[in-house]
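Asker: Listed below, chain by chain, are the residues.
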Amino acid sequence: MKTTSDYIAGVIGAGSFGTAIANIMAENGKVLLLARRQEIADQIHTTRTLKGRKMHENIHVTTSHEELASSCGLIFPIVPAAAFRNMLQQLSPYLHPYHILIHGTKGLDVRLPEGKVIHEVETLEKEEVKTMSELIVEETVVRRVGCMAGPNLSFEIFDGQPAATVVASHFDEVIREGSAVLRSRRFRVHANHHLIGIELAGVLKNIMAISAGILEGLGYGHNTRSLLIARGMAEIIHLGKGLGADPKAFLGLAGIGDLVATCSSSHSRNFTVGHRLAKGETLAQIIESMDEVAEGVNTTCIMRALANRYKLPAPITQAVYRVLFEGMDIQRGLRLLMEYPFTEDVEFI
Amino acid sequence: MAKPAKLAYQNEGILLPPVIPQIKDWPIAKLLRKNKDFVKLVQAETLTQLHKHAAREGKDLHDLIATTMHREHLRMVEDPWKIDPKDERKFWKEIKHQLVQNEQLENDPAAFSAKSEEMLESIVSVYANEISSTFKPSTYHFAKRVLPFIFSTLLNASAGKTIKSVINHRIGLQEKVHLRGEIDALRTLAAKGTIVLVPTHISNVDSIIVGWSLHALGLPAFIYGAGLNLFNNKILAHFMSRAGAYRVDRRKRNPIYRTTLDAYSTLAIEKNCHSLFFPGGTRSRTGMIEKHLKLGLLGTAVEAQRRNFLDNGSQKKIFVVPVVMSYHFVLEAKSLINQHLKRTGQEQYYIINDEFASYRKFIQFIWKTFGKTSDITLNFGKPMDIFGNFVDEAGVSIGQHGRDIDVKEYFMTRGEIREDVQRDGEYTRMLGERIVDRYHAENHVFSSHIVAFVAFEMLKRRFPDFDLYALLRLSEEDRVLGLKEYLATVDRIMQVLKNLRDRSKVMLSPHLETNTMSIIEHGVKNLGLYHSKRPLTFQNPQTLASEDMNLLYYYRNRLEGYGLENHI
Numbered sequence: 001m002k003t004t005s006d007y008i009a010g011v012i013g014a015g016s017f018g019t020a021i022a023n024i025m026a027e028n029g030k031v032l033l034l035a036r037r038q039e040i041a042d043q044i045h046t047t048r049t050l051k052g053r054k055m056h057e058n059i060h061v062t063t064s065h066e067e068l069a070s071s072c073g074l075i076f077p078i079v080p081a082a083a084f085r086n087m088l089q090q091l092s093p094y095l096h097p098y099h100i101l102i103h104g105t106k107g108l109d110v111r112l113p114e115g116k117v118i119h120e121v122e123t124l125e126k127e128e129v130k131t132m133s134e135l136i137v138e139e140t141v142v143r144r145v146g147c148m149a150g151p152n153l154s155f156e157i158f159d160g161q162p163a164a165t166v167v168a169s170h171f172d173e174v175i176r177e178g179s180a181v182l183r184s185r186r187f188r189v190h191a192n193h194h195l196i197g198i199e200l201a202g203v204l205k206n207i208m209a210i211s212a213g214i215l216e217g218l219g220y221g222h223n224t225r226s227l228l229i230a231r232g233m234a235e236i237i238h239l240g241k242g243l244g245a246d247p248k249a250f251l252g253l254a255g256i257g258d259l260v261a262t263c264s265s266s267h268s269r270n271f272t273v274g275h276r277l278a279k280g281e282t283l284a285q286i287i288e289s290m291d292e293v294a295e296g297v298n299t300t301c302i303m304r305a306l307a308n309r310y311k312l313p314a315p316i317t318q319a320v321y322r323v324l325f326e327g328m329d330i331q332r333g334l335r336l337l338m339e340y341p342f343t344e345d346v347e348f349i
Numbered sequence: 350m351a352k353p354a355k356l357a358y359q360n361e362g363i364l365l366p367p368v369i370p371q372i373k374d375w376p377i378a379k380l381l382r383k384n385k386d387f388v389k390l391v392q393a394e395t396l397t398q399l400h401k402h403a404a405r406e407g408k409d410l411h412d413l414i415a416t417t418m419h420r421e422h423l424r425m426v427e428d429p430w431k432i433d434p435k436d437e438r439k440f441w442k443e444i445k446h447q448l449v450q451n452e453q454l455e456n457d458p459a460a461f462s463a464k465s466e467e468m469l470e471s472i473v474s475v476y477a478n479e480i481s482s483t484f485k486p487s488t489y490h491f492a493k494r495v496l497p498f499i500f501s502t503l504l505n506a507s508a509g510k511t512i513k514s515v516i517n518h519r520i521g522l523q524e525k526v527h528l529r530g531e532i533d534a535l536r537t538l539a540a541k542g543t544i545v546l547v548p549t550h551i552s553n554v555d556s557i558i559v560g561w562s563l564h565a566l567g568l569p570a571f572i573y574g575a576g577l578n579l580f581n582n583k584i585l586a587h588f589m590s591r592a593g594a595y596r597v598d599r600r601k602r603n604p605i606y607r608t609t610l611d612a613y614s615t616l617a618i619e620k621n622c623h624s625l626f627f628p629g630g631t632r633s634r635t636g637m638i639e640k641h642l643k644l645g646l647l648g649t650a651v652e653a654q655r656r657n658f659l660d661n662g663s664q665k666k667i668f669v670v671p672v673v674m675s676y677h678f679v680l681e682a683k684s685l686i687n688q689h690l691k692r693t694g695q696e697q698y699y700i701i702n703d704e705f706a707s708y709r710k711f712i713q714f715i716w717k718t719f720g721k722t723s724d725i726t727l728n729f730g731k732p733m734d735i736f737g738n739f740v741d742e743a744g745v746s747i748g749q750h751g752r753d754i755d756v757k758e759y760f761m762t763r764g765e766i767r768e769d770v771q772r773d774g775e776y777t778r779m780l781g782e783r784i785v786d787r788y789h790a791e792n793h794v795f796s797s798h799i800v801a802f803v804a805f806e807m808l809k810r811r812f813p814d815f816d817l818y819a820l821l822r823l824s825e826e827d828r829v830l831g832l833k834e835y836l837a838t839v840d841r842i843m844q845v846l847k848n849l850r851d852r853s854k855v856m857l858s859p860h861l862e863t864n865t866m867s868i869i870e871h872g873v874k875n876l877g878l879y880h881s882k883r884p885l886t887f888q889n890p891q892t893l894a895s896e897d898m899n900l901l902y903y904y905r906n907r908l909e910g911y912g913l914e915n916h917i
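Taken in sequence, the protein lines are chains W and V. Sequential numbering of the first sequence, starting at 1, is according to this note's numbering. Sequential numbering of the second sequence, starting at 350, is according to this note's numbering.
Take the hints with a grain of salt, since some may be wrong.
Facing chain W, a subset of chain V residues (Cβ under 8 angstroms, in silico) [unchecked claim]: (1) 611; (2) 772; (3) 779.
Not close to chain V: a few residues of chain W, all C-beta gaps over 12 angstroms, as computed [to be verified]: (4) 73; (5) 126; (6) 218; (7) 272.
Since the hints were made in silico from the structure, they are not lab data. Where is the CB? At the ideal position from N, CA and C, for every residue including glycine.
Construct the entire structure; sequences and hints are all you get.
Answerer: If you want it as structure tokens, here you go:
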């Protein structure tokens, strides 16, 4: 890169996943982390912890987009989808064509007319919805983009447990550079060239995670959860294909792998949303009390509107939407799904 | 009132003063003056690339030659053309013989690879000489004086003007073909860097119109990859091969030929020759604006840009200029759409077209195309760098938020410019997608496109259970539309189009600045004017009907890709 710094990479976003990824990379060299607030930077520098999580000594923190862009050629933006465009607009003035961006955000961007809220939108055109990599190309001069996705629950990464991720990009170079900084003895990296498919795998599984949380909250066991995972996979593939993804992308670590992890873990935010709903809380109460964004809620609205527009089969998404926003009784939603006329077992490939 | 005096250049049919006054100073003239040297350079570059390719893919040259020989053999048997050299069978027979002999040498690796190398050199030499063009200023001079004369005679005669007007040449090509768009930028940039002009491809007259327009805009000649079939016509062949047109044979899909062709294009662009090719490959069979481009020649622009920066230490930039052509009438529409419908669902092979093979057909073509048709629009799009960023008139790439971009940095990894074939391939793919987007945004919509689109889509909505083929076979009584509903629908579509225009997603031709009924009348009058069965016509003042559904579908397709069907 044009820089003289010795940072191997930069991370944008000091949330739980951003800091987890910064910690993994810090094992390979110096990492610059961009936090929004100065007190977070100060806290990490002085205590080497954040919210009780230990931060590697190779992590340095800045609040300056300019410093991050000028010090790091390889950048991992990991911020909520709803804040992504705004973050890019702040970063964009400092980005150059030599930069490589690999994001770790499992959500979608949607631009709505003023005054509209996403859960009231009935239909959306494909052009109105963007994945984060599409957003990067739209908002910045950067062309070499990628994403990382996979079963990467932050809690387990901080715990030092063995895990793996997928780095996806059209560019070999992006996969190569990303893998080089992420790989370690406890973290494997798999390559994939289906960028959109891998992004959508990470995004769509959150809808299923909410459903899995609901089932768990209702006290159902493994038969029900497996039914959800299998039919959830089918639905993800239908929706993904409808948005132009190659179905193969959903069969690997970032697809089936992430789906199983997030539908099984009470540490998953989206799972938690579903679980608490089933226990009788309202969506407003749940969102109010969570300190990080559960992307699945917005994703459900976006995918429902796309499914309506393009007539894609999405019974689980439709049911989750009605439970979340139309006050449908959970048992009724479940009954609708049980009565939904699925015919073939594997009809999606 | 006295006519204003014509400037000197206007006497040669040029609308704007030449960017480079002396032909001898044109990059194409400088490069092709020593044509033999350039062909040698192409051969050397091709061999280098083939060695790299073989090393990357782990293949040996002997196998590469054997594959090529096999494919050439198939081509000669299955798809021979009149224009093919008489001795090519002999040449490939000899290669076959040498391949067999070479296989005896497998125990002597040095001799084996020396022999392979020799065979490869001879094949590359044949290909490079076949592709190469020349540039003869004298022919160019002659053509630029004579062709406008011939054209305007034809135009005036076919427009049914009086004898007097035919003699006086009241109508010039400039009255029939409207040149719009970023003409100033194009002229300025032509003096600063290398232009790669990439037009949409609708009709056989495209290349003539683009060629004339570049000349009329005072630009130096471009090198142009012309389909080998066009060289069947001796007059065209004479002019084209002396005016920078190199031969592209789409039947030859073997790697040695493709590499030679790519090397020719890369080196010419690198040597600052402005280049013109139709990235759609062949004329649009469906009538749609191209959705998928052939990336081969586009890739040579990306490669030439990298080589400028990496190998030549040059800052010379390559500017990509999309051009969109709009017609009310495409003479070969019927055969194009029928070819498409016959081949739907199958691999689309290039079919030799011989519309230009005889002089009579050639003249008939020009005659009908320019005849009573009111408009042909050629819209020169906003110039971009090869990464799809717009450039200003100084040639500086402008990024989001108005920042200047140093495009060299796209080739950099860890602070150095590096060669990365896979990366260049991805940049090429992205450039292809960007050009397709720009084609849609720079497309000038005509009244005829709108009337065809609305009529077809209304019929489609009336028969929601019909597939395309059932729609195309609608009975005559089912192809009738009432004016009242039709008018309301066109009105709605016009609003959607205006909205798209305001968001820079499409352009509307000035003739659309009128009321909806006038748009319909203008559109129906001009739509596919010369077809014996009209795509859409007024049956009586209150009803419209289609006499030819295939043609209606063809002209309807021009507005595919804007989501207009959701508003029918």
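Asker: Against each hint, give a clear statement of whether it holds in the structure.
Answerer: To see whether the hints hold, each was checked on the structure:
For residue 611 of chain V, the shortest C-beta to C-beta distance to chain W is roughly 21 angstroms, which exceeds 8 angstroms, and the interface hint is violated. The interface hint given for residue 772 of chain V holds, since its Cβ lies 5 angstroms from the closest Cβ of chain W, which is under the 8 angstroms cut-off. Proximity of residue 779 of chain V to chain W holds as hinted, the smallest CB-CB distance being about 6 angstroms (cut-off 8 angstroms). Distance to chain V contradicts residue 73 of chain W as a non-interface residue, since its nearest Cβ pair spans about 7 angstroms, not more than 12 angstroms.
A beta-carbon of chain V comes within 12 angstroms of the beta-carbon of residue 126 of chain W; the shortest separation is about 9 angstroms. Its beta-carbon lying about 40 angstroms from the closest one in chain V, residue 218 of chain W satisfies the requirement of being farther than 12 angstroms from that chain. No beta-carbon of chain V is positioned within 12 angstroms of the beta-carbon of residue 272 of chain W; the least distance is around 37 angstroms.
The earlier numbered hints that this structure contradicts are 1, 4, 5.
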